[in-house]
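From the two separate chains plus the hints, produce the assembled complex.
Those sequence lines, one after another, are chains A and W.
Last residue of the first sequence: number 261 in our numbering, and the count goes up by one each step with no gaps.
Last residue of the second sequence: number 1203 in our numbering, and the count goes up by one each step with no gaps.
Hints were generated in silico from the structure; no laboratory data involved.
Note that the Cβ used here is the ideal one computed from N, Cα and C, for glycine as well.
Some hints could be false.
Taking CB as the label site, the calculated pair distances span [unchecked claim]:
{"#": "1", "chain 1": "W", "residue 1": "1012", "chain 2": "A", "residue 2": "260", "range": "22 to 32 Å"}
{"#": "2", "chain 1": "A", "residue 1": "193", "chain 2": "W", "residue 2": "1126", "range": "44 to 54 Å"}
{"#": "3", "chain 1": "A", "residue 1": "225", "chain 2": "W", "residue 2": "1125", "range": "57 to 67 Å"}
{"#": "4", "chain 1": "W", "residue 1": "1126", "chain 2": "A", "residue 2": "185", "range": "47 to 57 Å"}
{"#": "5", "chain 1": "A", "residue 1": "48", "chain 2": "W", "residue 2": "1067", "range": "30 to 40 Å"}
{"#": "6", "chain 1": "W", "residue 1": "1132", "chain 2": "A", "residue 2": "146", "range": "49 to 59 Å"}
{"#": "7", "chain 1": "W", "residue 1": "1012", "chain 2": "A", "residue 2": "216", "range": "56 to 66 Å"}
{"#": "8", "chain 1": "W", "residue 1": "1126", "chain 2": "A", "residue 2": "96", "range": "20 to 30 Å"}
{"#": "9", "chain 1": "A", "residue 1": "216", "chain 2": "W", "residue 2": "1108", "range": "35 to 45 Å"}
{"#": "10", "chain 1": "A", "residue 1": "166", "chain 2": "W", "residue 2": "1138", "range": "36 to 46 Å"}
{"#": "11", "chain 1": "A", "residue 1": "215", "chain 2": "W", "residue 2": "1116", "range": "47 to 57 Å"}
Selected chain W positions facing chain A (Cβ under 8 Å, derived; list incomplete) [stated by the list, open to error]:
{"#": "12", "residue": "1048"}
{"#": "13", "residue": "1143"}
{"#": "14", "residue": "1145"}
Think about it this way: if two alpha-carbon atoms lie no more than 27 Å apart in a straight line, the pair counts; the simulated DSSO-like pairs of lysine-lysine are [claimed, not checked]:
{"#": "15", "chain 1": "A", "residue 1": "187", "chain 2": "A", "residue 2": "98"}
{"#": "16", "chain 1": "A", "residue 1": "185", "chain 2": "A", "residue 2": "237"}
{"#": "17", "chain 1": "A", "residue 1": "237", "chain 2": "A", "residue 2": "100"}
{"#": "18", "chain 1": "A", "residue 1": "187", "chain 2": "W", "residue 2": "1181"}
{"#": "19", "chain 1": "W", "residue 1": "1200", "chain 2": "A", "residue 2": "237"}
{"#": "20", "chain 1": "A", "residue 1": "95", "chain 2": "A", "residue 2": "106"}
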Amino acid sequence: MAADKRMDRSMRRRIFWRLFLLQAWWNFERMQSLGLTYCLEPWFKRCGLSGRERRSAMARHAGAYFNTQPYMAAFIAGMVCSLEQDIADASARDKEAKVKRLSALKTAAAGALAGIGDALFWGALRPFCAALGLVIGLLLIRRGMSAFGLGIAAVYLVIFNAPSLWVRYEGIVLGYRWGEQLPFKLKQFPVQAWIQRLRLAGAAMAAAVLVYALWDLAGQRLIGITAFAIYALILEKRPQSWTSLYGATCGLGVLAAVGRS
Amino acid sequence: MTGWGLGFAVAAVSIVELDATAAGQFMLSRPIVLGPVLGTFLGDPILGTGFGVLYELLSLNDLPVGGHLPLNVTVALSAALFCALGTPAAAPEIAFPGGALAGWAHRRLEEFLRRSRGRVGELVDQRLIRGSNPALLRLAGLELAKQAAMTFFVLTSAISFAVLWGRLGLEVPGVLQSGLKTGFAVLPWLALASLIRAFKVAF
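Here chain W stands alone, though its shape is the one from the complex (with noise of 0.2 Å):
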């Protein structure tokens, strides 16, 4: 793939995340839809679905509810994607929990972000009181553009990461790529256990 085409590819995932919680919440961005469709986008629709079903599973168990902000998934799934199907590329082991590290980073960066968007409600108060338009709907813009500059960020950080590291043949050792092999071997019976976790019953 190009570079330009991965760039595309990488923005074009940036604001199917905005999905995920911030506008539409549609499921475009859920693992499940996503997998198939970046993997085929990338070459390999068998690997995209395989990853895409095991981040769906896992995750059905962790709930958006309240203030509480999952493990990013979308993120998580690309960025292993992305790793796993890029050149260098890296083994499926071995890019699964690298992209649950870049969704894990992606949750702490919009953690922040959350944060800060308490400003924004101050901004709107003081221009109604003014008597200005308060102008949502480019406050909106300007929100949304951030957090889909900060997915281009973490998920271009990731395969810079993973380039470079295949680039300097820096390789991860080998009795740690054998517990990666038996976590990754044993991953979709803990995403079974998660998916029958999820439809718990009370009678």
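Okay, chain A solo, but in the shape it has when bound (with noise of 0.2 Å):
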């Protein structure tokens, strides 16, 4: 097990202002490998590593396929500052079987955060904060606030940020103290409840919003629920095709005044 004096607080926050570079250098070929190593590059200092091993070390990773979910990034920059110091410190026999297994477990382990990533962050917590957003929106509406606009800007910002700011910060520790054991440590987290919870929050602040919004409608109920009927149909089998449904209803409309004229 690592040492976490090397790991100290001044490390953990350079580590925490470059993961926000993660994507900044993003390619096809190699997506986020050289932001990861950006990240790594000050402890490798840290580790006592000379110019010439900091050097192999940095292109060991800028060279290989890295990508994740780029918050969770932070665990994995926490689970190989962990592994690289262990190869630091590591006799010249040892190197190589230990880079290999760093190698393999870096793999390994972005895929497995990509898949948790995703799903809570980009499939759970931004439509979430998207539905509460459009909730105090709409509360503030009725209480006769001008500014409701940016009060749901301020409350996207603030649910969504605690969280992932939280994940990027703490994860670059946790990640360095778990080490290899990083997956299996991450198992004990109940992210599938947090995430089902979070959706079914969500799907409730949604129904909601309808609801009001058919509500609010009066003369036009029917064509309300017969659009949004039609749309979620189509949309259940493919969820990205908004811009061809948006396209055909415009479509429609032509159409039909084709048809008046």
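Right, here's the structure in full:
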């Protein structure tokens, strides 16, 4: 187990800030590999690697494909720091095997964490924040507040960033402490239950917004319900098809206008 | 709004757009956040919020996972708002799809930019082999500047097109305008269907 004193608060902060640029070099060949290399750069110095060893370690990470959910990358950065420290402290004979192990663990953890992070942050938290923002916006409108849009924006930013920034900051030290145990330790967190709860709460709020919208429409409820039902059925099969659906609706409008004229 | 004010707003959006994927990802670039802010700045917070909420909900099921690059809703929203609240102002039902076209154009250009970044990896490899400093931060700065410049270009092109269209006195044909009106009127239901779809719960 690596000694925690090298991963002090100042080092954690440096890696944390650098994680914000994880995708600045994103490309189709290596995806986030240069970003991860940039995050690890100060750690190689802290491990006492000579200039040549440092460049060799950087080349290992820069040249290898790496891609994960950007917030969850903090865990992997921490884990890699722990394993790189082991490599730095290992005898010359053990180094090659440890490097291979690090590479395999990094790839495996990246895939697993991408699945968790995408489902949690993009698939559950982002729509939850949007639904919550809408509910807050409607409440602000009912209270007669003209700046309801800024209220929605503030709620969205706070609710989304609180957990994501926590993961990005604490993930570094947790990944470092757990080292190669990271995938097993993460299984202890009931992430699937969190995702399920966020989705349920979000769905309830979305349903409330839908009922409010239908209630508010009065005369056009039938059109609203019909349009919503048709779109919901099609989106169920093809969730990314909103541009096609919008285009098709405009097309129908054009046909109707041609028919009238 | 003066030309300088508009230029400042476009430059600010170009920088905020970096938050979408390239740097930070604090969600400042999400339409539901940017819409009300930009709308307030341009003088119509309600339209800004409306467009922002629509683009946000519509894009919820298009996730930026792996190498997939969704339609850039930050650019789409900004272009739509600049056109709808500019002089001459475009009608919302025309500005909205116009914005989506700008977002689509940005996505194509960003794909090209990402493909060209493969060379940056090779450059870093060469520097490390030569034993020189890879200067990663400088390379990141350059890539971010390129992306911001690209966003600035797309937005100014969209605004210039809208201004030119208005100055030349051109009008969208009545039949097409009627179709766009129908599409825009039904758009909130599509957005709500998209929101409900985003919460598909597997029991």
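Does the structure break any of the earlier hints, and which numbers would those be?
-> Numbers 1, 4, 7, 10, 14, 16, 17 and 18, in rising order.
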